[in-house]
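Construct all of the structure, not just a fragment, from the sequences and the given hints.
Number of protein chains: 4
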Amino acid sequence: MTHIHKIDGLVAAPFTPMHPDGSLNLDLIPAYAQFLEQNEVKGAFVGGSTGEGVSLSFTEKTELLRAWGQVEAPSLQKIMLVGGTSLAESCELAKLAAENHYDAVAVLAPFYFKPTSATVLADFCIAVGEAAPEVGVYFYHIPALTGVSVSMLAFLEAIDGRLPNFRGIKYTHNDLMEYRQCLLFADRKYDLLWGWDEIFLAAMAMGARGAVGSTFNYAAPVYHELMRAFDAGDLDRARAMQDQSIAIVRLLGKYGGIATGKAYMRAVGLDCGAFRSPVQNMSAERYTEFLEDLERIQFN
Amino acid sequence: MTHIHKIDGLVAAPFTPMHPDGSLNLDLIPAYAQFLEQNEVKGAFVGGSTGEGVSLSFTEKTELLRAWGQVEAPSLQKIMLVGGTSLAESCELAKLAAENHYDAVAVLAPFYFKPTSATVLADFCIAVGEAAPEVGVYFYHIPALTGVSVSMLAFLEAIDGRLPNFRGIKYTHNDLMEYRQCLLFADRKYDLLWGWDEIFLAAMAMGARGAVGSTFNYAAPVYHELMRAFDAGDLDRARAMQDQSIAIVRLLGKYGGIATGKAYMRAVGLDCGAFRSPVQNMSAERYTEFLEDLERIQFN
Amino acid sequence: MTHIHKIDGLVAAPFTPMHPDGSLNLDLIPAYAQFLEQNEVKGAFVGGSTGEGVSLSFTEKTELLRAWGQVEAPSLQKIMLVGGTSLAESCELAKLAAENHYDAVAVLAPFYFKPTSATVLADFCIAVGEAAPEVGVYFYHIPALTGVSVSMLAFLEAIDGRLPNFRGIKYTHNDLMEYRQCLLFADRKYDLLWGWDEIFLAAMAMGARGAVGSTFNYAAPVYHELMRAFDAGDLDRARAMQDQSIAIVRLLGKYGGIATGKAYMRAVGLDCGAFRSPVQNMSAERYTEFLEDLERIQFN
Amino acid sequence: MTHIHKIDGLVAAPFTPMHPDGSLNLDLIPAYAQFLEQNEVKGAFVGGSTGEGVSLSFTEKTELLRAWGQVEAPSLQKIMLVGGTSLAESCELAKLAAENHYDAVAVLAPFYFKPTSATVLADFCIAVGEAAPEVGVYFYHIPALTGVSVSMLAFLEAIDGRLPNFRGIKYTHNDLMEYRQCLLFADRKYDLLWGWDEIFLAAMAMGARGAVGSTFNYAAPVYHELMRAFDAGDLDRARAMQDQSIAIVRLLGKYGGIATGKAYMRAVGLDCGAFRSPVQNMSAERYTEFLEDLERIQFN
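Protein chains in written order, with this note's numbering: chain A, 1 to 300; chain B, 1 to 300; chain C, 1 to 300; chain D, 1 to 300.
To be clear, the hints were calculated from the coordinates, so they are not data collected in a lab. It cannot be assumed that every hint is accurate.
No distinction is drawn between identical chains; accordingly, a pair holds when it is met within one copy or between any pair of copies.
Stated by the list, open to error - Below, simulated DSSO-like cross-link-like pairs (lysine-lysine); rule was C-alpha separation at most 27 Å, straight line:
id	residue 1	residue 2
1	K189	K254
2	K189	K6
3	K42	K6
4	K189	K95
5	K95	K114
6	K42	K95
7	K114	K254
8	K95	K6
9	K189	K42
Laid out in structure tokens, this is it:
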């Protein structure tokens, strides 16, 4: 077995830029990538939940994939979410990601017909991974959205040794006991990327080193400072940073959820447009109120 | 307002025929349509849950749509499930359904990002329906698979008067109080197709006249007899037919779920191949056991 | 095996009368029983959900049990809900019910530590039933409140033949396929009392003859007319009665839930006081609005 | 406002000792208390989930309360779980706890009729607390068992300033963002006792200082070492202790859940008998296997 690459640091899950008419605004992507690099982000997780992959047409997904693939961004690991409910499309996207020199792809649990066991889920991921052996494969665990609650420890047992390019899990769930066990699985073999920004400090205490998140798009410095403080043993400082992260995340809740992220992007100068239906966007009046809240929490 | 067409009778949700290698076997569709017509089925609900719409690629969906569109089957209402998580693809499929002379399309609640209110859901359906004003539009309510539990009464209130080609709901849920209220909504304006075959008798008592189901593919005569007996006031006979339906459905459970339906199809002489991953198919040994069970329940 | 008594008709689940200070108003019970008998109700299900059994102290439960036990009401089957989370108290109440000449007791699935299988649940019920072999035993299935979703068919298999005084299930759930299978179990051996008033017509179509409900306290005539019409083959009339029942139940929802039932009782002249915390009661202003709604739906 | 006492350290939730016939074995309690004190445990949370409070009769609860109340154990905070579904009994137990010199009582969310808002829940807790103003009051948040998912932040807002003897929350849930916010609420006013032993390290990183747990009964030294290492900045050591805790907790899962805790107690020399129905106990053969597993994980 070759050593598995593990990401130490922050992977942002970019928003997909849209024009006012709702079509893709791919021209923004080079500036987006540069912005992430300037913020010392280590990777881009393209077409994920934050990136509205499920709301794009297949054709749009391939365009988005190519646009990020062509960006010159040497410090970014590029990961494409290729998973969905159709294995056929997932495989096709995985091949395309390989052709476009992505470092890895990510696979969701199919979320209409749901896998009934860890083995069924592993088989699905393996089929995708075998379609593109040149790229790494992450499983993207997000039961709150997929409704699939397969044990990740059982999943690792089911996939271990069967897919050479399997890298690990993007773990967007709050079971830190399971997370810890996955981290230790097979002598720490796999990469376990943490996916709940608002409790990253808790995950670091349990051993997390890498993370994928949406707030890393616009608040990476907060998390970098959190990591530095934690590594330096300065818990008070780390907690203060986590508290700032929580303040940021609370505004997501206050303003209606995931679409608020694009309001943050607009506030930091990268206007990515609106989310597509069925996600709701905030009104212009609410945006003004939102900006006031940003001042209140000293977001800048 | 023009009068809304209401279906009185059974609509089958066809299985999508596959070759042994997993590719579409569209050549079987003419025989499939003929089989349904011979069984006095009134419609085909194409690409639904039973038809594995979510497991097909977008291109395959368009091929499936065209294949059913071209079939000469004058007694069948043709309904295409165009819904999914991408509004863009749903609209494109709806247009294609109109071009291919479908009677109606059906829209699912988006099931990754979930509509947070009846209005959001109605807006999504309206956007699809406006893309193809020539065809009727059904909302396909199946919260057990979509995880979307919006009140259907609130949904009808939210969509009523806003989409001229809206026809009603394919109601695959077990809340018969809500079903009854939807049926009576706006002076019985909308078509409420019942979607739980195993308790169709209960729904008829509450006023159901039309139904969409998977077991109508291979057991339509049982339900026709149920309906005749019910209409004739012969409850004992109607219950006996419902009991036969329950016996059929219990075998679905015993043999692992939805894929068992294709085993039934094979048993009645229309081999539609296997279900795609992540749905599990029964082994050859289990199929032998299944055939014995069919004899035991006197399925023929 | 002796023949199991099956109830044909309506069993009301009485509200527990309270004084304005929240203490038990047991003096109202004789009038309450007379009211039920005048309405041709066939039984009283004492201390159930409607009767706030869980909100009473153990001592109060024994007082309530005795008060109903002493009532002269020859046409009423008396059933006491003895179940809860403590097997010891359930057994003690069951013995007391026997001493007080109840016809039967009912057992809930323990709802804090939840039975992990049908066998565990059956064992719990059997332990209660063996404590009072003179009275019949019903299992009260209400997963929406207990959170226990054990298959009732598996439960019948687990208890069948092990408890001579076991009578059947008060089935407050909406799985009519399972209900039908339980009804047919062991050659229709057990009594399956239906527990969702608002779709009783659907259950009758599936074979229900007896029912336990809260709206039978104040609206029994509606259901009697429903049953007569159904038995006479007059579905239109039966549906009209079910629609009236639904109108009644919708007001429960509109005015905040179960406590609204006591507002109905007050409206029919039997003031049972308020529900205890944590159930919320309507304000005086809301009660006025409620009375207007009663007129609107022609409740009398 | 008087300063609220906050517990720094471990509170064990004792098992309730039973004789082989299932009756209470209260004679064991003095030795039990001594064992906890020897292990430097700071408190006893009596009659909680671990203590099977819900499975006891009311009379037994009062006996258990008195037995722990009479124990001479100066280093132990005594907390009695008085909550349940009956407010009347909760108040009665709270008074009895005050008479027996407990430091505090704890209230569960009523778990049959469930509070529909934070205010309703706060009202319930306040009613209990006002019955015994001499003792502190904790709310015991354990949504996995009660099914009540009221926001704890909203709950603190609803109760703050209304119950002078309110102390805080025993937080047995895995939402560390909410936990952190509760900890900071009103300038760190309340005591937030952590209740998931297996991820205590994560909670410490988020600021936890006190905890209530079942594994502290038999494995307190592991957690003391965890706390010492964490406070000394030795994360590797702290994680090793958490891993040992996880190994212990995994055996709970392997051997069927909560009843396994009494097997641990037997292994450390305090035989507390078996759990009551509906909780399942392990067989003698399984106990032998369990002891082998204890050796494997080096539990001693």
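Evaluated hints:
no., hint, in the structure
1, K189 - K254, "between (39 Å within a copy, 24 Å between copies)"
2, K189 - K6, "within (9 Å within a copy, 41 Å between copies)"
3, K42 - K6, "within (11 Å within a copy, 42 Å between copies)"
4, K189 - K95, "within (25 Å within a copy, 49 Å between copies)"
5, K95 - K114, "within (24 Å within a copy, 29 Å between copies)"
6, K42 - K95, "within (23 Å within a copy, 42 Å between copies)"
7, K114 - K254, "between (31 Å within a copy, 18 Å between copies)"
8, K95 - K6, "within (22 Å within a copy, 46 Å between copies)"
9, K189 - K42, "within (20 Å within a copy, 39 Å between copies)"
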